[in-house]
Amino acid sequence: MAALLTAGAVVVSGCGTETAPRSHASLPAAPVPEATGSASQAVPAATVIAPRKTLRLGAKGKAVTWMQERLRELGYRPGKPDGRYGGTTLAAVWAFQKVNGIRPTSTIAKRTWAALEAPKSPKVLVGNGKPTRAEVNLTKQIMVLYVDGQVKLITHVSSGSGVPYCETATWQGKKQRFCGSATTPTGNFKTTWRASGWHKSYLGQLYNPIFFNGGIAFHGALSVPLYPASHGCVRMPMNVSVELPGLLGKGVPVHVKGRFQRS
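1 is the number of the first residue of the sequence shown in our numbering; add one for each residue after it.
Keep in mind that the hints were calculated from the coordinates and are not lab data.
Treat the hints with care, as some may be off.
Claimed, not checked - Keeping only pairs whose Cα atoms sit at most 30 Å apart, straight-line, the calculated DSBU-like set for lysine-lysine is:
no. : residue 1 : residue 2
1   : Lys-190   : Lys-200
2   : Lys-140   : Lys-123
3   : Lys-60    : Lys-190
4   : Lys-200   : Lys-250
5   : Lys-53    : Lys-120
6   : Lys-53    : Lys-200
7   : Lys-140   : Lys-130
8   : Lys-98    : Lys-120
9   : Lys-152   : Lys-200
10  : Lys-62    : Lys-110
11  : Lys-98    : Lys-60
12  : Lys-152   : Lys-140
13  : Lys-120   : Lys-60
Said to hold, decoys possible - What follows is a list of derived Cβ distance ranges for each label pair:
no. : residue 1 : residue 2 : range
14  : Val-163   : Ser-106   : 23 to 31 Å
15  : Gly-61    : Gln-205   : 30 to 38 Å
16  : Ala-114   : Gly-61    : 17 to 25 Å
17  : Arg-259   : Lys-80    : 30 to 38 Å
18  : Thr-47    : Gln-205   : 23 to 31 Å
These figures come from a predicted structure and were not determined experimentally.
We put the CB at the ideal spot given by N, CA and C, even for glycine.
Please construct the entire structure, taking both the sequences and the accompanying hints into account.
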């Protein structure tokens, strides 16, 4: 990562510590059911009919439950299908809208309902990639996890802001100044070590971090806005960061592609 050189400052890369602690066991990816039958025996999918009721953040009811269940079926993580349209479900809605070419919004109206009836698949970034891999699309600010060649999880993320920073923090018992460019580098990497729960780094708290490029990690955050806002890590909703460690093992390829264009 390009870094900002400042006299008396420590130049850092990413948003977390790079020193690996004790060994962390890799968790196996969840199995994906094998397809059965042949193309000639395939049964056409049943027609999906959405409620088509305009929903806004804070809405409650059966239409919200339908949306939550449908999002989960498609690989998104809207949280418990409890019929309450809150922040966790909103993050999944944003991810779904971005994959389907809809400008992210909290309002569920005609275009989003139509897309839920006939959804698009996320764009594959690495056509010859390993069957199990994670792809981070910086342009759309989403992450897609493939397991055994199938989409297992799609989530909204927030990557490095790209804004140079210098921050003072107490680290290893003394006050230090850290500077960097807040960039999430593109390229091909692999998951390395991880930590459970809240992990303190010199640039803040990371929840369930899974590192894949030095000090850069996937991690849960309390704030995952619609624009790149991190020091370089890939932030994701808290509920996704709870589930991800059980799906993404050690040594799994991580491909980071694209570039976010601010409007």
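Okay, the hints, checked on the actual structure:
This hinted pair checks out: Lys-190 and Lys-200 have alpha carbons roughly 22 Å apart, not beyond 30 Å. Annotation: proposed proximity of Lys-140 to Lys-123 holds, straight-line Cα distance about 10 Å (limit 30 Å). Simply put, Lys-60 and Lys-190 have alpha-carbon atoms about 41 Å apart, too far for the 30 Å limit, and the pair is violated. Proposed proximity of Lys-200 and Lys-250 is supported: the alpha carbons are some 21 Å apart, at most 30 Å.
As the CA atoms of Lys-53 and Lys-120 are separated by approximately 21 Å, the hinted pair is consistent with the 30 Å bound. The straight-line distance between the Cα atoms of Lys-53 and Lys-200 is roughly 43 Å, outside the 30 Å bound, and the hint therefore fails. Distance restraint check for Lys-140 and Lys-130: the Cα-Cα separation of roughly 22 Å lies within the 30 Å cut-off, and the hinted pair is therefore satisfied. Under the criterion of a C-alpha separation no larger than 30 Å, the hint pairing Lys-98 with Lys-120 is consistent with the structure, at around 10 Å.
A distance of roughly 29 Å separates the Cα atoms of Lys-152 and Lys-200; the hinted pair therefore holds under the 30 Å criterion. Restraint check: the Cα-Cα separation between Lys-62 and Lys-110 comes to about 17 Å, which is no more than 30 Å; the hinted pair holds. Between Lys-98 and Lys-60 the alpha-carbon distance is near 23 Å, which keeps this suggested pair within the 30 Å criterion. A threshold of 30 Å between alpha carbons decides the hint, and for Lys-152 with Lys-140 the separation of about 18 Å falls inside it, so the pair holds.
Of the pairs offered as hints, the one joining Lys-120 and Lys-60 holds, with about 26 Å between alpha carbons and a cut-off of 30 Å not exceeded. Distance hint check: the CB atoms of Val-163 and Ser-106 are about 26 Å apart, consistent with the given range 23 to 31 Å. For the pair Gly-61 and Gln-205, the beta carbons lie near 35 Å from each other, so the given range of 30 to 38 Å is met. A hinted range of 17 to 25 Å holds for the C-beta pair Ala-114 and Gly-61, which are about 20 Å apart.
Separation of Arg-259 from Lys-80 is about 35 Å and conforms to the stated range, judged on CB atoms against 30 to 38 Å. Between Thr-47 and Gln-205, the C-beta spacing of about 46 Å breaks the proposed range 23 to 31 Å.
The structure does not agree with the numbered hints 3, 6 and 18 stated previously, though it agrees with the rest.
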